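Chains Y, H and B: place on chain G using the hints.
Chains as they are written, first to last, in the working numbering: chain G, 1 to 176; chain Y, 1001 to 1384; chain H, 2001 to 2162; chain B, 3001 to 3400.
Hints in this document: simulated from the structure, not taken from any laboratory. Computed from a predicted model, the values in this text were never measured in an experiment. There could be a bad hint or two in this list.
Label pairs and their in silico Cβ distance ranges [said to hold, decoys possible]:
(1) G/T45 <-> H/A2004: 52 to 62 Å
(2) B/K3081 <-> G/T45: 32 to 42 Å
(3) B/A3347 <-> G/N6: 18 to 28 Å
(4) B/V3038 <-> H/P2133: 49 to 59 Å
(5) B/M3253 <-> G/D79: 51 to 61 Å
(6) B/P3290 <-> G/F15: 39 to 49 Å
(7) Y/P1248 <-> G/D79: 46 to 56 Å
(8) G/F15 <-> B/P3069: 33 to 43 Å
(9) B/S3251 <-> Y/T1022: 18 to 28 Å
(10) G/T45 <-> Y/V1046: 49 to 59 Å
(11) G/T45 <-> B/N3289: 50 to 60 Å
Straight line, CA to CA, 30 Å or less: simulated DSS-like cross-link-like pairs of lysine-lysine [as the list claims (entries may be wrong)]:
(12) G/K147 <-> G/K82
(13) Y/K1240 <-> H/K2086
(14) H/K2044 <-> Y/K1245
Chain Y stretches covered by chain H per the calculated footprint, using a threshold of three residues with CB under 8 Å from any CB of chain H [said to hold, decoys possible]:
(15) 1044-1058
(16) 1232-1246
(17) 1320-1332
(18) 1346-1353
For glycine and all other residues, C-beta sits at the position ideal for the given N, C-alpha and C.
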Amino acid sequence: MGYFRNIKETVATIFEGMSVTFSHFMRRPYTVQYPDRVPIRIQDTLPFRYRGILEVDLEICTGCLACERACPIDCIVIDAVKDKDTRQMVLKRFDIDIAKCMYCGLCSEPCPTGSIHHTSEFEGADYSLESMLRRFVKTPVVAYKPKKGPETDPEVAPILDRGMAYLTDFAAGGEE
Amino acid sequence: MSLGGYDVEVQRPGGLATEEMTLNMGPQHPSTHGVLRFIVKADGEVMREAIPDVGYLHRSIEKIAEKVGYHGFMPYTDRVDYVAAMPCNQGWGMVCEKLAGIEVPRRAEYCRVIAVELNRIASHLLSVGSMGMDIGAYTPFTHALREREYINDLLEELCGARLTFNYMRIGGVAWDLPPDWVPKAVAFLDRFEPLIDEYNALISYNKIYVERLANVAVISAAEAIDYNLVGPNLRGSGVKYDVRKDMPYSVYPEFEFDVPIGTGEVGTVGDCFDRYIVRIREMNQSCRILRQALAGVPEGPVLTKVPRKFKPPVGDAYIRLESARGDMGWYCVSDGSEYPYRVKIRTGSFTATSIIDKVSRGVMLADLIAIVASFDLVAPEIDR
Amino acid sequence: MDAAAIFERLQARFGDAVVTFDSGGEPAVRVNPSAIFQVCEYLKTDPALGFDCLSNQSGVDYPKRNDIEVVYHLYSYRVRHACVLKVSVARDNPTMPSVWRVWKTAIWQEREIFDLLGVVFEGHPDLRRILLPEDWVGHPLRKDFVEPTEYHGISTKRESML
Amino acid sequence: MKQLVLQLTGEGGLLAGVPYPLAAALAMLLFGAIVVFVFVLPVAGVTSWLERRVWARIQSRVGPNRVGPQGFLQWLADGIKNMLKEDIIPTAADRILFSIAPYLVVIGFIATFAVIPFSSALVIADLNIGILYVTAVTGLVVVGVLMAGWASNNKWSLLGGIRSAAQIVSYEIPAALSIFPIVLLTGTLSMQGIIQAQGWAPWHWFLFHNPFTFTAFFIFFVAALAEGNRTPFDLPEAESELVAGFCTEYSGMRYLLFFLAEWGNLYVIGAIVTTLFLGGWQVPHVTDNPFVLAVLQFGVFFLKSYFWVFIAMWVRATLPRVRVDQLMSLCWLYMVPIAIVNLVGTAIWMMVVPAGLDRVVQMLMTLGGAAIVVGFFGRVRFHLRRAKLRDVDYYYNPII
Chain G
1 MGYFRNIKET
11 VATIFEGMSV
21 TFSHFMRRPY
31 TVQYPDRVPI
41 RIQDTLPFRY
51 RGILEVDLEI
61 CTGCLACERA
71 CPIDCIVIDA
81 VKDKDTRQMV
91 LKRFDIDIAK
101 CMYCGLCSEP
111 CPTGSIHHTS
121 EFEGADYSLE
131 SMLRRFVKTP
141 VVAYKPKKGP
151 ETDPEVAPIL
161 DRGMAYLTDF
171 AAGGEE
Chain Y
1001 MSLGGYDVEV
1011 QRPGGLATEE
1021 MTLNMGPQHP
1031 STHGVLRFIV
1041 KADGEVMREA
1051 IPDVGYLHRS
1061 IEKIAEKVGY
1071 HGFMPYTDRV
1081 DYVAAMPCNQ
1091 GWGMVCEKLA
1101 GIEVPRRAEY
1111 CRVIAVELNR
1121 IASHLLSVGS
1131 MGMDIGAYTP
1141 FTHALREREY
1151 INDLLEELCG
1161 ARLTFNYMRI
1171 GGVAWDLPPD
1181 WVPKAVAFLD
1191 RFEPLIDEYN
1201 ALISYNKIYV
1211 ERLANVAVIS
1221 AAEAIDYNLV
1231 GPNLRGSGVK
1241 YDVRKDMPYS
1251 VYPEFEFDVP
1261 IGTGEVGTVG
1271 DCFDRYIVRI
1281 REMNQSCRIL
1291 RQALAGVPEG
1301 PVLTKVPRKF
1311 KPPVGDAYIR
1321 LESARGDMGW
1331 YCVSDGSEYP
1341 YRVKIRTGSF
1351 TATSIIDKVS
1361 RGVMLADLIA
1371 IVASFDLVAP
1381 EIDR
Chain H
2001 MDAAAIFERL
2011 QARFGDAVVT
2021 FDSGGEPAVR
2031 VNPSAIFQVC
2041 EYLKTDPALG
2051 FDCLSNQSGV
2061 DYPKRNDIEV
2071 VYHLYSYRVR
2081 HACVLKVSVA
2091 RDNPTMPSVW
2101 RVWKTAIWQE
2111 REIFDLLGVV
2121 FEGHPDLRRI
2131 LLPEDWVGHP
2141 LRKDFVEPTE
2151 YHGISTKRES
2161 ML
Chain B
3001 MKQLVLQLTG
3011 EGGLLAGVPY
3021 PLAAALAMLL
3031 FGAIVVFVFV
3041 LPVAGVTSWL
3051 ERRVWARIQS
3061 RVGPNRVGPQ
3071 GFLQWLADGI
3081 KNMLKEDIIP
3091 TAADRILFSI
3101 APYLVVIGFI
3111 ATFAVIPFSS
3121 ALVIADLNIG
3131 ILYVTAVTGL
3141 VVVGVLMAGW
3151 ASNNKWSLLG
3161 GIRSAAQIVS
3171 YEIPAALSIF
3181 PIVLLTGTLS
3191 MQGIIQAQGW
3201 APWHWFLFHN
3211 PFTFTAFFIF
3221 FVAALAEGNR
3231 TPFDLPEAES
3241 ELVAGFCTEY
3251 SGMRYLLFFL
3261 AEWGNLYVIG
3271 AIVTTLFLGG
3281 WQVPHVTDNP
3291 FVLAVLQFGV
3301 FFLKSYFWVF
3311 IAMWVRATLP
3321 RVRVDQLMSL
3331 CWLYMVPIAI
3341 VNLVGTAIWM
3351 MVVPAGLDRV
3361 VQMLMTLGGA
3371 AIVVGFFGRV
3381 RFHLRRAKLR
3391 DVDYYYNPII
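Next up, chain G with everything else stripped away, as it sits in the complex:
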């Protein structure tokens, strides 16, 4: 009869549901007590590909403007001028508006040296929009010029290695 079947089903399914919920008393919670009660900083647990706040290694920036062109929302502005005397590219300005950035990663893909890349830093809260503007060039610097063969400068070499690690992680084939 429907009447008693309803009662039976109600009791049986509630019994089953209650046993599932009770079993969770014997399982460990899965949540992380961010930010202060974590054994390791969350940033250190993030994968290599994590797209956090952008960073630029000026030492290996070639000033090619590929990232500026690739950015769909124009949050990167670069002023690179060719010095008439030394015939070198000089970076006068390299600004990224982190407040505008949407962390898509399209800028780091075409970078020839991996100079612009995402870090695992994601804590970006601040009190003003102005402080979200990252100005990487403090004083004009000479752009990096890729060498034939391996990098010899002991200061630049590790940075370049890191940059290339980001770059080789991308799937090959995008360029043409």
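Just chains Y, H and B, lined up with the frame of chain G:
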């Protein structure tokens, strides 16, 4: 008031003087799934009509597409449906590839399928979880989100983001599968599959839950097709149609999987419970696809050479793919320039919202919540 | 049935004045705007065609050709085939019949086209703006749409810090 | 207490010269205040903390664990925060009704503490109509909730208030009908009398007295949950439907009072269930020291009632919410008829079943109850195994 072409007359036996109440549900209501508003005309607890008012999340993504170019639009597609961004990525990739006639490497197709199916599970988890929450059971929601977090971890390792993936590119995917990633994904499936059964034991077949959903908002197959319901909503009405099976794309023909449909096991075919249980079963099927895909990832490149200044020939293309919310249509017109001439995204939530007005007549106020949840509406997808 | 076969059937029924074949891009059937309702009704009711679903309806603005093209992507769940219809309406007076009596889904899809492109669908039961506010001026997906600088006193532009 | 007041007002007492009725009234007020602040408020508060912890663990979360040891003082922090918040009364609201509604709700639950027997001696007033008093006084909650819903001048609030009124009034009937079998068995309405009719051992409890009282227990518990607006009957404040139901417009302290009443009510439910069906404060005879005995009895009573509080929390974490029409059909089609069957059945049982068989049935019922518990833990073990065997350690495992 005449809205949507229907005039509603309130019939009252005996002339009991009651007043119709206009309730404004949303945009700040707890269970409107994003930003969605219903103008509800209710007679006590019984609704006369519920007129959806959409547009609160309209970000003019289709207009943006005309300004940012083919490559630059990829991250915007994440924002079309942020619960299941991978299918949107794939949709944009597919429509551009169809326009330009680009062949995607097989390994890239496998990567896409793996990412999309993981994302589909994540989206369905959110859907069934929030369904439980809307019906008043909070525990299933956290359990579902807990498993979703694992998927997010996996996708984060794959593409560096948890929500707005931007994983795919025109002609393939941006990153190859990371080393040691495949065993992790298999381990997740091993963990997750029994938890679907646990989830069913906890909530799906709970009598109260079943009673809340069975026979509510029954949509017949003809009605569902007429209103262009897609995906699990359509299959809940008993129409066996899945783009992955019926208009195969990518490498889906290589996988074995079933298309679950609503059978009316606790009520009528096409009720809220059918739409719900179809999603649960689709998670099982996605696991099946994932196991096959993860076992058989071929070697090779994951991205073809596509010019950075991507200029497809003049013409138009329309593709369908099965996103988490069903048959998603991407229509793109190219005028041969660097920028798409026109992009139209036909999403499942948009058409599902249009039927709410029809099915919500004469049901209880609490049922509207169940109806909205059962359609798995995602507000940004409605408004785009 | 592929697009050519569908076109042949339509041609036999309606004649060349109403339908033409468009092979640029995806093969499509171009329909005279005044006859769109009859064509759609035929497509739905004919048992061999059986297009029971309007899966996508979109509008494209062509200022150079001075017309707005409304594109219908149809699908038949019964026969499992698809077809594309294209209708061009004059840009300065974009009016065409609504097909909501054939497919209910057209109610909302036509509202969206009306909202974003300004095509007026005659006979539509509820032709209001859907995504934009009721008092919005202009139709943004038209190519000549200029974004207003402010809306109700709120500026639509933000100074770039860069 | 009477002696204490007499002593104080008598010759050489602290309050010599004060008329006895005034002193007695003052003493009552003072005692009531002490009870409220020392017992009722912390009980409601701790219940709120416990509920959040229990919920959190069921949901794989941690829950409040920052204020005090294991977050034990969270309720205090929340209370102080809410006290300090601005008390907003909407301009469109009915100011007077809006202001007094929360107090009515609180009175409705605090007044029940007057008859709850914490031990054989610890009871404020052992009324001879105790259980009737409880059902009557909790009716005050309806008035408060309906008042809050109406006075807020908000449609969601109104719907919540109406739902609540319909619900509480309906569920009073099965609740009362389930009390009657116990009254039949004991022949008294007094809470102490009902407890004294039971013993310390489970087979002495009315829960396992006969099949009808066993069913009556569940009917009563479910009806009490419904009266206390607890899930699965939390329709009046159904968050996903009515925003916050009757307390949508409330904030600050008044909002707090509603929740104080809700959690306090939870304890009252547990206490009444314990009294009626679980032998109340009955302990085995271990000591004659009245003080030790009182502490022991209080402890037993407290634990038993908190067990049912825990069950209510656990139910809340498991079940979804019923719909309004289902709520009513559940009450009138299922619970009321079954409660009447229980009542008649108990009466027949008392007449038909001989005393010797009675004892056998009680033992069998107790064994049956134990079997249910064992079966339950079997299912729990099954779920644990299914989940645990395949647990993955690939991921970052948090340390709590």
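Comparing the hints with the structure gives:
Range check, G/T45 to H/A2004: about 58 Å between beta-carbon atoms, so the 52 to 62 Å window is met. In this structure the hint that B/K3081 and G/T45 lie 32 to 42 Å apart at CB holds, the actual value being about 33 Å. Between B/A3347 and G/N6 the beta carbons are some 27 Å apart, a value that agrees with the proposed interval 18 to 28 Å. B/V3038 and H/P2133 have their C-beta atoms about 58 Å apart, which keeps the hinted 49 to 59 Å range intact.
Range check, B/M3253 to G/D79: about 59 Å between beta-carbon atoms, so the 51 to 61 Å window is met. For the hinted restraint 39 to 49 Å between B/P3290 and G/F15, the CB-CB distance of approximately 42 Å keeps it satisfied. At roughly 51 Å, the beta-carbon separation of Y/P1248 and G/D79 lies within the given 46 to 56 Å, and the hint holds. As the Cβ distance of G/F15 to B/P3069 is approximately 34 Å, the hint placing it in 33 to 43 Å holds.
For the pair B/S3251 and Y/T1022, the beta carbons lie near 25 Å from each other, so the given range of 18 to 28 Å is met. The beta-carbon spacing between G/T45 and Y/V1046, approximately 52 Å, falls within the hinted interval of 49 to 59 Å. For G/T45 paired with B/N3289, a C-beta distance near 58 Å keeps the hint of 50 to 60 Å intact. Using a Cα cut-off of 30 Å, the hinted pair G/K147 and G/K82 holds, with the two alpha carbons roughly 18 Å apart.
Restraint check: the Cα-Cα separation between Y/K1240 and H/K2086 comes to about 29 Å, which is no more than 30 Å; the hinted pair holds. With a C-alpha separation of about 23 Å, the suggested pairing of H/K2044 with Y/K1245 holds against the 30 Å cut-off. For the segment 1044-1058 of chain Y, the proposed coverage by chain H is satisfied: 3 residues have a C-beta within less than 8 Å of a C-beta in that chain, meeting the threshold of three. Residue count for the segment 1232-1246 of chain Y with a Cβ under 8 Å from a Cβ of chain H: 3. That meets the three needed, and the coverage hint holds.
Residues of the segment 1320-1332 of chain Y lying with their CB closer than 8 Å to a CB of chain H number 4, which satisfies the three-residue condition for coverage. Against chain H, the segment 1346-1353 of chain Y contributes 4 residues with a C-beta closer than 8 Å to a partner C-beta. That satisfies the three-residue criterion, and the hint holds.
Checked against the numbered hints given earlier, this structure breaks none of them.
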